Amino acid sequence: AQSVTQPDIHITVSEGASLELRCNYSYGATPYLFWYVQSPGQGLQLLLKYFSGDTLVQGIKGFEAEFKRSQSSFNLRKPSVHWSDAAEYFCAVGGGGSNYKLTFGKGTLLTVNP
Amino acid sequence: DAGVIQSPRHEVTEMGQEVTLRCKPISGHDYLFWYRQTMMRGLELLIYFNNNVPIDDSGMPEDRFSAKMPNASFSTLKIQPSEPRDSAVYFCASRFRTGLAFFGQGTRLTVV
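Heads up: the protein sequence lines correspond to chains A and B, in order. 1 is the number of the first residue of the first sequence in the working numbering; add one for each residue after it. 1 is the number of the first residue of the second sequence in the working numbering; add one for each residue after it.
For reference, chain A alone in the conformation it holds in the complex (with noise of 0.2 Å):
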């Protein structure tokens, strides 16, 4: 069976820092992965995906993740955080085909401060 570990329930940084969110996977073949971010009370909007090739993949608002296959990681960076960047953050796992389905992680809630 597919899951996704997000180890950080609450993570706190100050603006201007760098972020990484660890997100760990379990997938019986070659996984498609994803990171959302969700503001309260809003839905869930993708920040990346991977499905194959480089494995470092660029998403909007600045946001990068690396796939490393060995470690089964999936983890978001930020060089630099804004204070809008404030949400909780999900990591999610798929496959391809008919088959697909998201399985998502816990969450990650981030905290920026001033």
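A portion of the hints provided could be inaccurate.
[Unchecked claim] Taking lysine-lysine pairs in the DSBU-like style, the calculated list, with each CA pair at most 35 Å apart, reads:
id, chain 1, residue 1, chain 2, residue 2
1, B, K68, A, K101
2, A, K49, B, K24
3, B, K24, A, K106
4, A, K101, B, K78
5, A, K61, B, K24
6, A, K49, B, K68
7, B, K68, A, K106
8, A, K101, B, K24
9, B, K78, A, K49
10, A, K106, B, K78
11, B, K68, B, K24
Simulated from the structure, these hints should not be mistaken for lab results. Note that this is a predicted model, so its numbers are computed, not measured.
Following the hints, position chain B against chain A.
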């Protein structure tokens, strides 16, 4: 396209009442997903459809929950009778084939 549209955005109902949540997927998308989000369990997939046909409903918690997709542009998730533990945010998402899934704004359900 306006994206995935869910209604209502908020629903407060009394225990025992029937609740119907609605979703309009993005036009042309052939997959539709219903998720439930709670603090304790995070985001859980309840059921998904392909071309209006339910493919996997193993995430539906009980027989009190049912979902339908009568046509390509409309789906409902019904809870009857509702219970306080059903209180959550319910999300609908749609996608085209193996493309990206787009989520609606969600319906916040409170059962008192």
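*Assess, step by step, whether the Cα of K49(A) is no farther than 35 Å from the Cα of K24(B), and give holds or violated.*
24 Å, holds
*Between K61(A) and K24(B), does the CA-CA distance stay at or below 35 Å?*
28 Å, holds
*Sort out whether K49(A) lies within 35 Å of K78(B), counting only the CA atoms.*
Answer holds: K78(B) to K49(A) is near 32 Å, not above 35 Å.
*Are the Cα atoms of K49(A) and K68(B) separated by 35 Å or less?*
Holds, because 30 Å separates the two Cα atoms, which is no more than 35 Å.
*asked:* Would the hint linking K101(A) and K78(B) be met if the CA-CA limit is 35 Å?
replied: Within the cut-off at roughly 21 Å; holds.
*asked:* For a C-alpha distance cap of 35 Å, please report whether K68(B) and K106(A) respect it.
replied: 27 Å, holds
*asked:* Can you confirm whether the C-alpha distance between K68(B) and K101(A) stays at or below 35 Å?
replied: 18 Å, holds
*Is the Cα-Cα distance between K24(B) and K106(A) 35 Å or less?*
Roughly 26 Å separates the two Cα atoms, so the pair holds.
*K101(A) and K24(B): Cα distance at most 35 Å?*
19 Å, holds
_Hint check: K106(A) vs K78(B), CA-CA at most 35 Å. Holds or violated?_
Holds - the C-alpha atoms of K78(B) and K106(A) are around 25 Å apart, at most 35 Å.
*35 Å Cα cutoff - pair K68(B), K24(B)*: 12 Å, holds
Checked against the numbered hints given earlier, this structure breaks none of them.
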